[in-house]
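S.K.: Sequence:
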Amino acid sequence: MLGRGMHGVEARMKKLTNVDSTAYRRLFGGEDIQSTDTDENISNKLTPVKEVLRRIQWDPTLPASSFSIIHYDRVEDTLCETPFEAENDSISGKERQFVFALPEHRIEAVKYLDRIVWNKELRL
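Under this note's numbering, residue 160 is the last one in the sequence shown; the count climbs by one each step, no gaps.
No lab work stands behind these hints, which were simulated from the structure alone. Keep in mind that a hint or two might mislead.
Here are the computed lysine to aspartate or glutamate pairs in the DMTMM-like style, where the Cα-Cα straight-line distance is at most 25 Å [to be verified]: (1) K51 <-> E87; (2) K86 <-> E46; (3) K156 <-> E121; (4) K156 <-> E87; (5) K86 <-> D150.
Let the sequences and hints guide you as you build the complete structure.
M.R.: Here it is as structure tokens:
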């Protein structure tokens, strides 16, 4: 598994489950991680939500069941929270998973357990 022994993988997973660890902040972003870029515009650049969603979808170390998205529901005219793995039963098209059928501009935030890890307005 990635050229690491099981002990190394278990140690890494333990660090990633601690929301206050440096490893967690590096993976999901954090304000106190020092950037190697000196240009302020680069350090404030928002990661596109599509990249965040694809990372959750394809990274085996990230349990998709622990994530949810906060999105704008234009019918209800409110913000709604939906589990990442929810099936698409309301948006027309071929996409089976709701999060990928939803237009990206309607996604406001991504949550991991009880913590917001990506937020469009706060540029997290």
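S.K.: Which of the numbered hints are not met once you compare them with the structure shown?
M.R.: 2
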